[in-house]
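Student: Those letters in the sequence shown? Residues -18 to -1, 1 to 260, per mature numbering (1 follows the signal peptide of the UniProt record, and there is no 0), in order.
Hint data in this document are derived by calculation from the structure and do not stem from the laboratory.
We put the CB at the ideal spot given by N, CA and C, even for glycine.
There may be inaccurate statements among the hints.
Unchecked claim - Subject to a maximum C-alpha distance of 20 angstroms in a straight line, what follows is the list of computed PhoX-like cross-link-like pairs (lysine-lysine):
{"hint": "1", "residue 1": "K93", "residue 2": "K51"}
{"hint": "2", "residue 1": "K140", "residue 2": "K211"}
{"hint": "3", "residue 1": "K93", "residue 2": "K66"}
Said to hold, decoys possible - Just the calculated beta-carbon pair ranges, DEER-fashion:
{"hint": "4", "residue 1": "R227", "residue 2": "G49", "range": "53 to 61 angstroms"}
{"hint": "5", "residue 1": "Q162", "residue 2": "T76", "range": "33 to 41 angstroms"}
{"hint": "6", "residue 1": "L205", "residue 2": "S78", "range": "39 to 47 angstroms"}
{"hint": "7", "residue 1": "K139", "residue 2": "K66", "range": "29 to 37 angstroms"}
{"hint": "8", "residue 1": "F68", "residue 2": "D156", "range": "40 to 48 angstroms"}
{"hint": "9", "residue 1": "D202", "residue 2": "F68", "range": "46 to 54 angstroms"}
{"hint": "10", "residue 1": "K238", "residue 2": "K90", "range": "52 to 60 angstroms"}
{"hint": "11", "residue 1": "A23", "residue 2": "F196", "range": "55 to 63 angstroms"}
{"hint": "12", "residue 1": "L197", "residue 2": "K93", "range": "18 to 26 angstroms"}
{"hint": "13", "residue 1": "N47", "residue 2": "E206", "range": "26 to 34 angstroms"}
{"hint": "14", "residue 1": "Q119", "residue 2": "K30", "range": "20 to 28 angstroms"}
{"hint": "15", "residue 1": "K64", "residue 2": "A23", "range": "51 to 59 angstroms"}
{"hint": "16", "residue 1": "F68", "residue 2": "N47", "range": "17 to 25 angstroms"}
{"hint": "17", "residue 1": "S159", "residue 2": "D202", "range": "31 to 39 angstroms"}
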Amino acid sequence: MKKGLLALSLLLIQILNAQHHSQPADSLKGTEILTPTSQEAVASPIIKADRIFDFSTKVEITSQNPGDKIYYMTLDAGDVNKKKKFTVYKKPFTISRTTQVQAYVERKREKSSIATANFNRRPNYWEITTLSKVTPQYAATGKFALIDGIRGDLDWKKGEWQGYLGQNFEAVIDFQSPLQITQITSTYLQDSKALILMPKKVEYYASMNGKDFFLLDKIDNNLEPKDEKVQTKDFTTEILPTEARYLKVKAYYFGKHPGWHQKTGGETFIFVDEISVR
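Kindly produce the complete structure, drawing on both the sequences and the hints.
Tutor: Here is the structure:
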């Protein structure tokens, strides 16, 4: 009898031990150790300053981690033939000419990728008045983006172009004093799939008083609206030397998209960036 009870007890102990060892690991609280399998990459620093400035602007470089060491380098027109190196960033600094700033972060011997930012001194002190209503999400950096000397990137999603939906584009530039003009250019973008088409034509007008304008030239578009390549086009004219204080630029809206798109009710955009005068 005692031998039978002893055998039964041993059997029960074996069953309990088997159940215990068959439990999943996550049910055994306090026994699992978590170790990270990968380390997050060091984030690039942020470079802040006025993208367009009149005389000077302050540049500030920051890192997400206060303990990071920041290195930077500046490049401007005077540095073309110079060999420059990255130096330790200690505090904000001032630039007074068009400059590219590059910077990276170092943390525990690991380096971030290099961040690059361009800051541009205005090439002129003209005033510009846009007589059309810009689409808010395509306003670039404001009205001066049209005369800041910076041409918009082919990738218009970067936000360097001004977009005008379902209307003509019209703007008046005040040179502040009479200027002799021999060449005028305004640049437009086409991305047919995104309903951005070239204007049908562009007209240039001149005036001395800002009220009475006379036509300088008209340029017709020769790019097919069905051409789906993303591209830009300069509407340039060469004219006899003409003195004017004001220049009016008028680009004519193409009209509704010719049938194969239904977005925005078929309305199309004019995307314009740089207006330049020589």
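Student: Each hint: holds or not?
Tutor: Hints, one by one, checked against the model:
| no. | hint | verdict |
| --- | --- | --- |
| 1 | K93 x K51 | holds (9 angstroms) |
| 2 | K140 x K211 | holds (18 angstroms) |
| 3 | K93 x K66 | holds (19 angstroms) |
| 4 | R227 x G49: 53 to 61 angstroms | holds (56 angstroms) |
| 5 | Q162 x T76: 33 to 41 angstroms | holds (35 angstroms) |
| 6 | L205 x S78: 39 to 47 angstroms | holds (40 angstroms) |
| 7 | K139 x K66: 29 to 37 angstroms | holds (31 angstroms) |
| 8 | F68 x D156: 40 to 48 angstroms | holds (42 angstroms) |
| 9 | D202 x F68: 46 to 54 angstroms | holds (50 angstroms) |
| 10 | K238 x K90: 52 to 60 angstroms | holds (58 angstroms) |
| 11 | A23 x F196: 55 to 63 angstroms | holds (60 angstroms) |
| 12 | L197 x K93: 18 to 26 angstroms | violated (58 angstroms) |
| 13 | N47 x E206: 26 to 34 angstroms | violated (52 angstroms) |
| 14 | Q119 x K30: 20 to 28 angstroms | holds (22 angstroms) |
| 15 | K64 x A23: 51 to 59 angstroms | violated (31 angstroms) |
| 16 | F68 x N47: 17 to 25 angstroms | holds (18 angstroms) |
| 17 | S159 x D202: 31 to 39 angstroms | holds (32 angstroms) |
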